[in-house]
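Residues in the sequence shown are numbered consecutively from 240, following the working numbering.
The reader is advised that the hints may include incorrect statements.
Stated by the list, open to error - Label pairs and their calculated CB-CB ranges: (1) 626 with 720: 45 to 53 Å; (2) 355 with 543: 39 to 47 Å; (3) 797 with 737: 19 to 27 Å.
Just so you know, these hints were derived from the structure itself, not from any lab. Since the model is a prediction, treat every value here as computed from it, not as a measurement. Ideal Cβ positions, reconstructed from N, Cα and C, are used throughout, including at glycine.
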Amino acid sequence: MPVDVPALDVPAVDVPAAEETPAEETPAEETPAEEMPGQAVPARDMPAGIEMESEEEMTPEALASQLRLTADYQSYDPQTQIVTARGNVVLILNDAVIEANQLWVNLINRYALATGNVLLTRGAQIVRGSRAEYNFIQQSGVIRNAQGTLYLPEVESDFSSPLEGASSTTRRAYAPLNPILSPNEPLAVTSDGSVQITTSPETTLTGGTDGELRQLRFETDELLFDVEGWRAEGVRITNDPFSPPELEFRTDSLVLRNLSPTQDELLFKRPRLVFDQGLAIPLLRSRLLLRRGRVDPEELSPVPVAVGVDGRDRGGFFIGRKIPLVKTERVQFALTPQFSVARAFSGENGSIFSPSNFGLAADLDVQLTPRTALRGRAGLTSLNLTRVTENLRTNVRLEQRLGNHLLQLQYSYRDRLFNGSLGFQDVQSSLGAVLLSPVIALNPHGLSLNYQASAQLINATSDRTDLLLASGSNTGRITLGRYQVSAALRQVINLWRGEPKVANQDEGLRFTPSPVVPFLDLSTGLRMTSTYYSSRDAQNSLIADISINGQLGHFSRNFGDYTRFNLGYSQSFIGGADSPLFV
Numbered sequence: 240m241p242v243d244v245p246a247l248d249v250p251a252v253d254v255p256a257a258e259e260t261p262a263e264e265t266p267a268e269e270t271p272a273e274e275m276p277g278q279a280v281p282a283r284d285m286p287a288g289i290e291m292e293s294e295e296e297m298t299p300e301a302l303a304s305q306l307r308l309t310a311d312y313q314s315y316d317p318q319t320q321i322v323t324a325r326g327n328v329v330l331i332l333n334d335a336v337i338e339a340n341q342l343w344v345n346l347i348n349r350y351a352l353a354t355g356n357v358l359l360t361r362g363a364q365i366v367r368g369s370r371a372e373y374n375f376i377q378q379s380g381v382i383r384n385a386q387g388t389l390y391l392p393e394v395e396s397d398f399s400s401p402l403e404g405a406s407s408t409t410r411r412a413y414a415p416l417n418p419i420l421s422p423n424e425p426l427a428v429t430s431d432g433s434v435q436i437t438t439s440p441e442t443t444l445t446g447g448t449d450g451e452l453r454q455l456r457f458e459t460d461e462l463l464f465d466v467e468g469w470r471a472e473g474v475r476i477t478n479d480p481f482s483p484p485e486l487e488f489r490t491d492s493l494v495l496r497n498l499s500p501t502q503d504e505l506l507f508k509r510p511r512l513v514f515d516q517g518l519a520i521p522l523l524r525s526r527l528l529l530r531r532g533r534v535d536p537e538e539l540s541p542v543p544v545a546v547g548v549d550g551r552d553r554g555g556f557f558i559g560r561k562i563p564l565v566k567t568e569r570v571q572f573a574l575t576p577q578f579s580v581a582r583a584f585s586g587e588n589g590s591i592f593s594p595s596n597f598g599l600a601a602d603l604d605v606q607l608t609p610r611t612a613l614r615g616r617a618g619l620t621s622l623n624l625t626r627v628t629e630n631l632r633t634n635v636r637l638e639q640r641l642g643n644h645l646l647q648l649q650y651s652y653r654d655r656l657f658n659g660s661l662g663f664q665d666v667q668s669s670l671g672a673v674l675l676s677p678v679i680a681l682n683p684h685g686l687s688l689n690y691q692a693s694a695q696l697i698n699a700t701s702d703r704t705d706l707l708l709a710s711g712s713n714t715g716r717i718t719l720g721r722y723q724v725s726a727a728l729r730q731v732i733n734l735w736r737g738e739p740k741v742a743n744q745d746e747g748l749r750f751t752p753s754p755v756v757p758f759l760d761l762s763t764g765l766r767m768t769s770t771y772y773s774s775r776d777a778q779n780s781l782i783a784d785i786s787i788n789g790q791l792g793h794f795s796r797n798f799g800d801y802t803r804f805n806l807g808y809s810q811s812f813i814g815g816a817d818s819p820l821f822v
């Protein structure tokens, strides 16, 4: 029968030595509940609402007033000030919840020990283990044979000191009459994020997620934590909700250390990826940086360098390594040294170590205000400084949110753009402003509108002899002002929508984080663009398009169970004079 701990009657005494803490042996002889279980009385919630104090200054009465304890049997020794609880124990401290078979709380030492099917829930985080210890003064503890789930966006606040107040998350609520997990129930993990690879930036699997990794399942032999961070031994981490996982991250030890109020550091010993409990691939990274629980996607690369192919500027295959120099809440600045492998081994520059085989890129991202951002990128495709004007490309944008519109003030030098009929073209320089609208839903049946307007001063290649002669250019380039407005209407009609497979390990969730839903859509669009140049040339176009796209199959069998397609046709009905610029 649950009882209440008489916290207000506890006499204040000096804090005893640490060795009096019942950390290793069960204080059964101090527990009158075993001898006189019939004297238990009905439980009441313990009084709460006192002003918070630091753990070191908090009196036993103040600590007790923060605890809400229920159990089949409870006892309290006023001399040792030890609370003992057995059977279906539930301890609530703000929104931190501990469930266990047995629990001891030493009010003098501010120490708690839970044993037997321990389940710790704090906010969105769930941890289960065989034994848990916590020291309220040192804000440290240990969980043996820990396993559970971590919700990354809330992990920092959820694992702060439970005496600091409630966790900010409201993602899960605790209901004592409906236990979170019974001792024999396996941990269930819903899909709160995944990693996807597609061939189009606009393509996603219908019924899937946004690609952000937010929830992980973990197991570790021992999890230790304090105010400085965490340490775990024998760690296994996966985002696969089923056991055994098809892919998991393993490391002999993991250390989480706080570097600043917004940044944490993860250190690994012998990290590796394990596929299907067999094939292990060692990782060449031993350190990750977390910014408010988030990881830079480049930090997740299993290799220490990035690879790419650029046949136009770098001669083909090249590698690079991004080096963050400034990484704060508002400012990120990084340099990326690059090496053109294909060019170096082709012999065109003589030595492999020729400056022409090396390059450098710089990235700057500054959040000036919540609605204003400065973004810039510069790249030198070769360190041959005698041809720096031919090897340099830059792009700088100042972005300002105006309601739900986006205003961009931008400058670019030798920016490379794709022209539908001419292919990739270099724009020598461009200075101007662009106003972009959001996609505006005009009705609930898939009709949408978006528009944009721009004014730019552009220097680019032209084949207009009259303009080249008038400007006196001997480079084949001219400078013109360009003013452009464009609006597009689009209607999407769903022709058919199939049924997903059952959301279990063998069917709908075999290869995807959520069941794939087959569908077939018909899309029609109309875009009107009007362009005026300072040379008094005008260019207008009206383009209509129609397409059918969809996905077939459920992506649940080994072969032939998923096809994604998009077939379209477009036609221009109005056409003006050709553009005087090759852009």
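In rising order, the numbers of the hints this structure does not comply with: 1
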